[in-house]
Amino acid sequence: MTVTYAYYPGCSLHSTGSEYDVSFKAVCEKLGVEIQEIKGWVCCGTSPAHCTSRLLSLALPLQNLCLAEKMGLTEVVAPCASCFARLKTAIHEVDEDPEVEGQLRDILGTSLPKSVNVVSPLELFSNGADVASAVTRDLSGLKVVCYYGCLLTRPPKVMQFDECEYPMSMDRLLGSAGIETLDWSCKTDCCGGALSLTETDVVLKLTRDIFEEAKAVGANAIAVACPLCHANLDTRQAEVEQKYGAQYGLPSFYFTQLMGLAFGVPADKLGLHKHFVSADGLLPDICKG
Amino acid sequence: MAELSPTILSQSGLAEAVFKESGQNVNLCYQCRKCAAGCPISYAMDYKPAQLIHAIRLGMDDLVFGSKTVWLCASCETCTTRCPQEVDVAKVMDAVKIIALRQGVKPAIPRVASFYRAALANIKKCGRMFELGMIVGLKLRTFEFFKDAGLGMKMMKKGKLKVVPSLGGAWTTWKIFRRVKRFEKKNRNS
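First to last, the protein sequences are chains X and Z. Following our numbering, the numbering of the first sequence begins with 622 at its first residue and continues without gaps. Following our numbering, the numbering of the second sequence begins with 99 at its first residue and continues without gaps.
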């Protein structure tokens, strides 16, 4: 029996990261993965919640897991790394702290989900999906560095996914899709995340370090699995170049966009036109044809 | 109320408040400074994470609440991951912010606190983050009207910012926010 996954898109995938939403769905379709969006989902609260109220930061994700359970689904997939981390953290903290569990039960007015499991698309697609036989397009010109960012693997006690300091799941997945990935030292470095709107200089410095390393190992593209990472690496790249007098021209892709391209999905169906740093030069035949 | 570990004989009020808020015992820290070494933002902090932890142990409230460190924390969880004593340093950072806001201490970087407030007000009212509305809310709080204006325009043109919020979950979040507030008040008084 095939599992149907409850799909929690989160706010970014409905706006700034809509390319991740469309490309994730396209890859699911190609690989025969069944997903159903959680009806009536709400924001997970992300950093503003956990920085200001522990209860709120747990109640919001749990509300969504309750909704998934009501749909009869116990496997939840959350593509946004921040949503993924908040959902996993909520499950972990409720397990660890019976007192807070009781309070959350009262706040949500329902019993908390007991057997819900949350996965990222990296985990989902790595679990026996036949990626190699779905490949129809040659992407051998690409030299990609996989940027996992912070929250997919940290803290390992909560996330329990891949190797926290040196993950390989995205490298393996893109490798099975015929895409060359390069080793580099910034896999799990931080891009500054939500400081983008408030402490922009920090983000510009951290992303510059990432671009420098990507260039140094000979990459011509960066693959990400987080809408915040993508926003910082893509929409602010021109600012970084201006501030530091550098020229990077490094397109950032959601790893699902690269998989979609390898599976022969047209570029416009994967949201490539929404990127600030264009991939036209890198993939001329695909983007223009 | 959470019980303190029996190994702690005496500790600062701030360390105790952090423990009550987060369950984290800063007295376990032996100053190896792995948190400071791994922190991607420590270059910009006035006190490194290890120094802040030490100041909490010593009960140096003014230093801790006057420091930019917790407001610069990006919650990347590197410190938490690497601490050999399993102190969840990122959670301590959150706890200090929560305590500061509750006590009405002026945040050392007010615009970060403004961002949290703008975002939460938005989630409460809309159910899901309506990014354009949140950004307007942030600008009304910080008066930085022209910051990132060009970037925002370009994102609109690319269809990366929604112009109309989806209010489907608004009633749910409004209810959750209200109940959380009630529980927090009760917890404070207990």
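Hints listed in this document are in silico derivations from the structure and should not be mistaken for laboratory results. It should be emphasised that the depicted structure is a prediction, and the values quoted were computed from it without experimental measurement. The beta carbon of each residue, even a glycine, is placed where N, CA and C say it ideally should be. Each hint should be verified, as a subset may be incorrect.
[Said to hold, decoys possible] Over 10 Å on every C-beta distance to chain X, these chain Z residues come out as not near it, computed from the model:
#  : residue
1  : Tyr145
2  : Ser165
3  : Ser173
4  : Asp186
5  : Ile196
6  : Lys204
7  : Ala217
8  : Val234
9  : Phe244
10 : Lys256
[Claimed, not checked] Once the Cα atoms are required to be at most 35 Å apart in a straight line, the calculated DSBU-like pairs of lysine-lysine come out as:
#  : chain 1 : residue 1 : chain 2 : residue 2
11 : X       : Lys778    : Z       : Lys223
12 : Z       : Lys222    : Z       : Lys284
13 : X       : Lys890    : Z       : Lys284
[As the list claims (entries may be wrong)] To be clear about the criterion: a stretch of chain X counts as covered by chain Z if any three or more of its residues have a C-beta under 8 Å from a C-beta of chain Z, and this derived list gives those stretches:
#  : segment
14 : 642 to 650
15 : 733 to 739
16 : 791 to 803
Here's how the hints hold up against the structure:
No beta-carbon of chain X is positioned within 10 Å of the beta-carbon of Tyr145(Z); the least distance is around 16 Å. Every Cβ of chain X is farther than 10 Å from the Cβ of Ser165(Z); the closest lies at roughly 15 Å, confirming the non-interface assignment. The beta carbon of Ser173(Z) sits about 6 Å from the closest Cβ of chain X, which is not more than 10 Å, so the claim that it is off the interface is violated. For Asp186(Z), the condition that its CB be more than 10 Å from all CB atoms of chain X is violated, with the nearest at approximately 7 Å.
Look at Ile196(Z): its CB is around 6 Å from the nearest CB on chain X, not clear of 10 Å, so calling it non-interface is violated. Residue placement check: Lys204(Z) keeps its beta carbon more than 10 Å from all beta carbons of chain X (closest about 15 Å). With a least beta-carbon separation of about 4 Å from chain X, Ala217(Z) fails to lie farther than 10 Å from that chain, contradicting its non-interface assignment. Here Val234(Z) stays apart from chain X, with its beta-carbon at least about 12 Å from theirs, past the 10 Å limit.
The beta carbon of Phe244(Z) sits about 13 Å from the closest Cβ of chain X, which is more than 10 Å, so the claim that it is off the interface holds. Listed as outside the interface, Lys256(Z) is inconsistent with that label: its C-beta sits roughly 5 Å from the nearest C-beta of chain X, within the 10 Å cut-off. At most 35 Å may separate the alpha-carbon atoms for a hinted pair to count; Lys778(X) and Lys223(Z) meet this at roughly 34 Å. The hinted pair formed by Lys222(Z) and Lys284(Z) meets the criterion: a straight-line CA distance of about 21 Å does not exceed 35 Å.
In summary, the hint linking Lys890(X) to Lys284(Z) is not supported, as the alpha carbons are separated by about 51 Å, beyond the 35 Å threshold. Counting residues of the segment 642 to 650 of chain X whose C-beta lies closer than 8 Å to any C-beta of chain Z gives 0; at least three are required, and the coverage claim is violated. Judged by the Cβ-Cβ criterion of 8 Å, the segment 733 to 739 of chain X is not covered by chain Z as claimed, because only 0 of its residues qualify and three are needed. Coverage of a stretch by a chain is defined here by at least three residues with a beta carbon nearer than 8 Å to that chain's beta carbons; for the segment 791 to 803 of chain X and chain Z the count is 0, and the condition is violated.
Of the numbered hints stated above, those contradicted by the structure are hints 3, 4, 5, 7, 10, 13, 14, 15, 16, listed in ascending order.
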